[in-house]
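Novice: One-letter residues, chain by chain:
There are 4 protein chains.
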Amino acid sequence: MSKIRTYERFYSAGRDKLLSKVQEAYERFKETRTFEFPVWLYGQPVGKLFKMEVEDCPQFGDTAYVEMDSARTAFVAIDMQTDFCGKSGYVDVMGYDLSLTASCIAPIKSVFDTVRGTDIKVIHTREGHEPDLSDAPFNKVLRSKIIGEGVGIGDIPEGGLGRLLVRGETNWDITEELYPVEGEYVVDKAGKGAFGSSTIHMILKNLGVTHLVLSGITTDVCVHTIMREANDLGYWCILLKDCTGATDYGNYESAVKSIKMQGGVFGNVSDSKRFIEAVEGANLK
Amino acid sequence: MSKIRTYERFYSAGRDKLLSKVQEAYERFKETRTFEFPVWLYGQPVGKLFKMEVEDCPQFGDTAYVEMDSARTAFVAIDMQTDFCGKSGYVDVMGYDLSLTASCIAPIKSVFDTVRGTDIKVIHTREGHEPDLSDAPFNKVLRSKIIGEGVGIGDIPEGGLGRLLVRGETNWDITEELYPVEGEYVVDKAGKGAFGSSTIHMILKNLGVTHLVLSGITTDVCVHTIMREANDLGYWCILLKDCTGATDYGNYESAVKSIKMQGGVFGNVSDSKRFIEAVEGANLK
Amino acid sequence: MSKIRTYERFYSAGRDKLLSKVQEAYERFKETRTFEFPVWLYGQPVGKLFKMEVEDCPQFGDTAYVEMDSARTAFVAIDMQTDFCGKSGYVDVMGYDLSLTASCIAPIKSVFDTVRGTDIKVIHTREGHEPDLSDAPFNKVLRSKIIGEGVGIGDIPEGGLGRLLVRGETNWDITEELYPVEGEYVVDKAGKGAFGSSTIHMILKNLGVTHLVLSGITTDVCVHTIMREANDLGYWCILLKDCTGATDYGNYESAVKSIKMQGGVFGNVSDSKRFIEAVEGANLK
Amino acid sequence: MSKIRTYERFYSAGRDKLLSKVQEAYERFKETRTFEFPVWLYGQPVGKLFKMEVEDCPQFGDTAYVEMDSARTAFVAIDMQTDFCGKSGYVDVMGYDLSLTASCIAPIKSVFDTVRGTDIKVIHTREGHEPDLSDAPFNKVLRSKIIGEGVGIGDIPEGGLGRLLVRGETNWDITEELYPVEGEYVVDKAGKGAFGSSTIHMILKNLGVTHLVLSGITTDVCVHTIMREANDLGYWCILLKDCTGATDYGNYESAVKSIKMQGGVFGNVSDSKRFIEAVEGANLK
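Protein chains in written order, with my numbering: chain E, 1 to 285; chain F, 286 to 570; chain X, 571 to 855; chain U, 856 to 1140.
Incorrect hints may appear among the rest.
So these bits of chain X aren't anywhere near chain E, every CB distance computed over 10 Å [claimed, not checked]: (1) 583; (2) 608; (3) 667; (4) 668; (5) 686; (6) 687; (7) 688; (8) 705; (9) 706; (10) 708; (11) 717; (12) 749; (13) 760; (14) 767; (15) 768; (16) 854.
Once the Cα atoms are required to be at most 27 Å apart in a straight line, the calculated BS3-like pairs of lysine-lysine come out as [what the hints assert, rightly or not]: (17) X:679 to F:394; (18) F:570 to X:591; (19) X:618 to X:591; (20) E:205 to U:1128; (21) E:273 to E:257; (22) F:570 to X:621; (23) X:775 to F:333; (24) F:302 to X:587; (25) F:333 to X:827; (26) F:490 to X:657; (27) U:1112 to U:903; (28) X:827 to U:964.
Covered stretches of chain E, going by a simulated chain F footprint (3 or more residues, C-beta under 8 Å) [claimed, not checked]: (29) 79-88; (30) 101-114; (31) 142-150; (32) 202-211; (33) 273-283.
Worth flagging that the hints you see were computed from the coordinates, not collected in a lab.
Built from N, CA and C at the ideal position, the CB exists for glycine as well.
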């Protein structure tokens, strides 16, 4: 018989150490309903600790709190580009109702107003392809052309602003209301996700980020993909549900619900009001 | 003014070449409703070409076809482990209705019966952590303990088969009915996704795979995450909707629908019946 | 006893199949000294098959051949930027002899003259950081400032052309003699390597590349890192030893020798003359 | 004219902030010759700060110090497997002099004796393929068979202990003298590198590691590849030069020298004596 991997001699100490930390945090959670910032893991906070309310955690109907270090927290606005929420952009060309994706502009703007000037980092992402489409899979471009009835990624729609989903085009850039300001970070990515094909790993590491507060469009596509990637790597992720939207309302609702399954399988869900209250309560400015 | 990236001198030839291939495929699609196997990209088929019907493509209500090379196609059964569909496994301990995830065992078995003995590859995945939990993020373990009311990843539930979601435990292994047979492949992964933290890149490359036919559990979590990762890299992905299940039926339905948005934002959707018909029709055995 | 991974029931068929393909290729190699293009794996060639001589393979003193498909081959010119081979660039500022890195410009130019107009792909890479240095690790920037005696990555040296190793600066761009032309590809990367933090995965996949012919600077740093990453993923890599250079000649020599160890632990080594002969002999234009 | 990426409106604040931190650290380095632990980035130490001497930094002939947090430091022993340093293993079968790779066993053992019982983490890696060779690139297996004159990866050499470089085989496991003990970590990897195809990302993140002290075999292959990957991601890497070895002494020397170029292009170099002194001086037990 072949035994492929045996760990008899060295595995339980590492496991027991982690499980004892988990047990401590679990006992604390029962008392406080709070996922406390794990100092044992990350060290003392670099900024200021604050906590925000999250919903339907651990069970639907319950309320819990996530504590985070302001200087290790990033507010991420995903793909708030004209292509996804503006006129003559990609989503508009495909015929979807723009209000579904554009409705989150105002709440995201409120969050920007709150976090700008604090030590919370702001990261923007943009989906788009090189002008030579070298990083665009053939099937992705083909499908977009079919659904766009002849006008897909890399093409210029009639009356459009530029080539769809192509870097450097006006339609590809971030919508004016949410445009990055000095000191914010921008990640360009070629896919729905970002890890594995961009420098987002490095940026989060260079900034010392442990907690990601997520927003953007579309909920079930790019936002969820990035949330999944980050969650798999152990980042604490919280989606602000009013700061996101999808091309289909039912998909939006399920994308939000899906996060909450299994006690928070992809992290937690909150909204801009609660995040703003938490940040303001911390007096970070 | 800083111009960060300028491509004026060399970008359009690559773009035009790709777009002309896309245009050709688009014209063919209009005639044939088929995503033909792109020989210009992959070379002549290594096995036999065959095509299967996919639903709601490009628009809801439409039917289309995906053509694939049998020897470059993999049927992937994601996380069909006791922990996700069997008694005393992880999902059972969390209190979900097992029939939601176990109902896909029979259709997957039918697909196995059909593809075994052909040159279509079979790949299984298993989610699970090292016995020392070294690859388990603290927050993942903590959340599982909270939702499991004290019994989470790495713990042994009362009357359980072993530590939950831990490699090597009986509950972690693939359910008996769908157990791998000689010549099939198994990818162990620590997260919901697999790319970036397993050798799945290498396996797909070593096998020359271009098309993935996906099944498994749970639809909105692991199946969708792997589908997203693969789709971002240009793999052609088709989910068999009866060969998958989720802990919540609404989330299952939206996960399926979400794939079909934007002309197939994550690929296509079909079912076991249509896949089996396609494979049988190709006389691959 | 815990058995972590057991494969008794399904592992040998996959292994035996691969090993029989390896055995065939091994028998062919003994006859022909050639690593033949594996049609069983990649399918029929898309372009034209041709073979080039490589040195010291399998043993030092031996000669072998690598057969490749022109349309699946990419010639990669790594980091031929002013920062690495031109006046007032990064390497110049650190005080290294520019002739060590600039001497490969002419042979790379010869290769360009040969492959341009064929279906062999040309890929350029550039190392550099975002203007906000968000993707530059703190220790990398610090070390560069120390060795540059106060002038490091992100700084403008006296009499310099722009900020060192920063995207968009004149010094960061590709040297005039080797500037990309229409239809060539450019990968921007923040590290010495490229896989994992750029879209190079997608580009190689979209182009269907199986074989990489490598050149550029510096041999032991960026060229070797990319070669290692690609080799680990199964790409066939061949370094053209006169088309590369390092800041230290001994390191250059060892970097070349290191590839040849263990029968070609990172691939193979050849030179521009042999590659040009091979390409010209194939009449690809 | 297409301007692909313009950052005029938001890029300098992030850059200036990083450069001011770099400037501070540079001034401190000039005074102290020490790369101090960057508390601004990582937070207060979780364990105890200590510093070790590194050689030829920033210039050849100079001495510098790296300060690290014991609880955020990992000592990594790379591929100390029978296959690379023991009788009838892979390296032995290829005909290399085993003393070149086995000579580092004793110094690594001394380091183990010193760090075991402290809060410095110990991580072992093992290179090896699944028993079905699914993660072994065809060209890698073929080359090994050629150099092994018919006996390569996946084969059992005459008088051998098992299949070469295959997980689960005796020859593949870690050599007895350096076998992991309780509470240590083991990363299995299919390539020379580990990032991108293993869970090493997660393990380092879960352990909060910032500094890697590296050892193992072979210097120019697996050790260097992992060092490059980690360095690109911003980990502080220090190779202990007597705790490593290569199949060719010249390659070993150049691999060590290469790290020191450009002020430490891949990190720093020290030895077991200095690391042991540093750890003992910190009274961590």
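Novice: Each hint: holds or not?
Specialist: Here is what the structure says about each hint:
1. For residue 583 (chain X), the non-interface assignment is confirmed: its Cβ lies about 14 Å from the closest Cβ of chain E, beyond the 10 Å cut-off.
2. At the 10 Å boundary, the C-beta of residue 608 (chain X) stays outside the reach of chain E, the nearest C-beta of that chain being 23 Å off.
3. Separation of residue 667 (chain X) from chain E is adequate, the least Cβ-Cβ distance of about 31 Å exceeding the 10 Å criterion.
4. No Cβ of chain E approaches the Cβ of residue 668 (chain X) within 10 Å, the least distance being about 29 Å, so the stated non-interface status holds.
5. For residue 686 (chain X), the non-interface assignment is confirmed: its Cβ lies about 16 Å from the closest Cβ of chain E, beyond the 10 Å cut-off.
6. With a closest Cβ-Cβ approach of about 18 Å to chain E, residue 687 (chain X) is found to remain outside the 10 Å limit, as its non-interface label requires.
7. The beta carbon of residue 688 (chain X) sits about 18 Å from the closest Cβ of chain E, which is more than 10 Å, so the claim that it is off the interface holds.
8. For residue 705 (chain X), the requirement that its beta carbon stay farther than 10 Å from each beta carbon of chain E is not met, with the minimum near 4 Å.
9. For residue 706 (chain X), the condition that its CB be more than 10 Å from all CB atoms of chain E is violated, with the nearest at approximately 7 Å.
10. Once the 10 Å rule is applied to beta carbons, residue 708 (chain X) is inconsistent with being away from chain E; the minimum gap is 7 Å.
11. The non-interface label for residue 717 (chain X) is consistent with chain E: the shortest C-beta to C-beta separation is roughly 20 Å, beyond 10 Å.
12. Every beta carbon of chain E lies more than 10 Å from that of residue 749 (chain X), the smallest distance being close to 15 Å; the non-interface claim holds.
13. Annotated as non-interface, residue 760 (chain X) brings its C-beta within 10 Å of a C-beta of chain E; the closest such distance is 5 Å.
14. Taking the minimum C-beta to C-beta distance to chain E, about 5 Å, the non-interface status of residue 767 (chain X) is violated against the 10 Å cut.
15. Listed as outside the interface, residue 768 (chain X) is inconsistent with that label: its C-beta sits roughly 7 Å from the nearest C-beta of chain E, within the 10 Å cut-off.
16. Chain E leaves residue 854 (chain X) outside its interface by the beta-carbon criterion, the shortest separation being 21 Å against a cut-off of 10 Å.
17. The hinted pair formed by residue 679 (chain X) and residue 394 (chain F) fails the criterion: a straight-line CA distance of about 57 Å is larger than 27 Å.
18. Distance check on the hinted pair: residue 570 (chain F) and residue 591 (chain X) sit about 21 Å apart at the alpha-carbon level, within 27 Å; holds.
19. Taken as a hint, the residue 618 (chain X) and residue 591 (chain X) pair is honoured in the structure, with Cα atoms around 22 Å apart against an allowance of 27 Å.
20. Annotation: proposed proximity of residue 205 (chain E) to residue 1128 (chain U) is violated, straight-line Cα distance about 31 Å (limit 27 Å).
21. Restraint check for residue 273 (chain E) and residue 257 (chain E): the C-alpha separation of about 19 Å stays at or below 27 Å, so the hint holds.
22. Note on residue 570 (chain F) and residue 621 (chain X): the hinted pairing is violated, with a Cα-Cα distance of about 36 Å set against a maximum of 27 Å.
23. Of the pairs offered as hints, the one joining residue 775 (chain X) and residue 333 (chain F) holds, with about 22 Å between alpha carbons and a cut-off of 27 Å not exceeded.
24. The straight-line distance between the Cα atoms of residue 302 (chain F) and residue 587 (chain X) is roughly 37 Å, outside the 27 Å bound, and the hint therefore fails.
25. Proposed proximity of residue 333 (chain F) and residue 827 (chain X) is contradicted: the alpha carbons are some 43 Å apart, above 27 Å.
26. Taking the CA atoms of residue 490 (chain F) and residue 657 (chain X), the gap is near 42 Å; set against the 27 Å cutoff, the hint is violated.
27. About 30 Å separates the Cα atoms of residue 1112 (chain U) and residue 903 (chain U), which puts this hinted pair outside 27 Å; it is violated.
28. Between the alpha carbons of residue 827 (chain X) and residue 964 (chain U) the distance comes to roughly 30 Å, so the proposed pair goes past 27 Å and is violated.
29. As drawn, the region 79-88 of chain E meets chain F at 0 residues by the rule of a beta-carbon pair under 8 Å; below three, the given contact is violated.
30. A stretch counts as covered by a chain when three or more of its residues have a beta carbon under 8 Å from one of that chain; for the region 101-114 of chain E and chain F the count is 0, and the coverage is violated.
31. Using a Cβ-Cβ cut-off of 8 Å, 8 residues of the region 142-150 of chain E lie near chain F, which meets the minimum of three, so the contact claim holds.
32. By the rule of at least three residues with a Cβ nearer than 8 Å to a Cβ of chain F, the coverage given for the region 202-211 of chain E is violated, with 0 such residues.
33. Requiring three or more residues with a Cβ within less than 8 Å of a Cβ of chain F, the coverage given for the region 273-283 of chain E is violated, as only 0 such residues are present.
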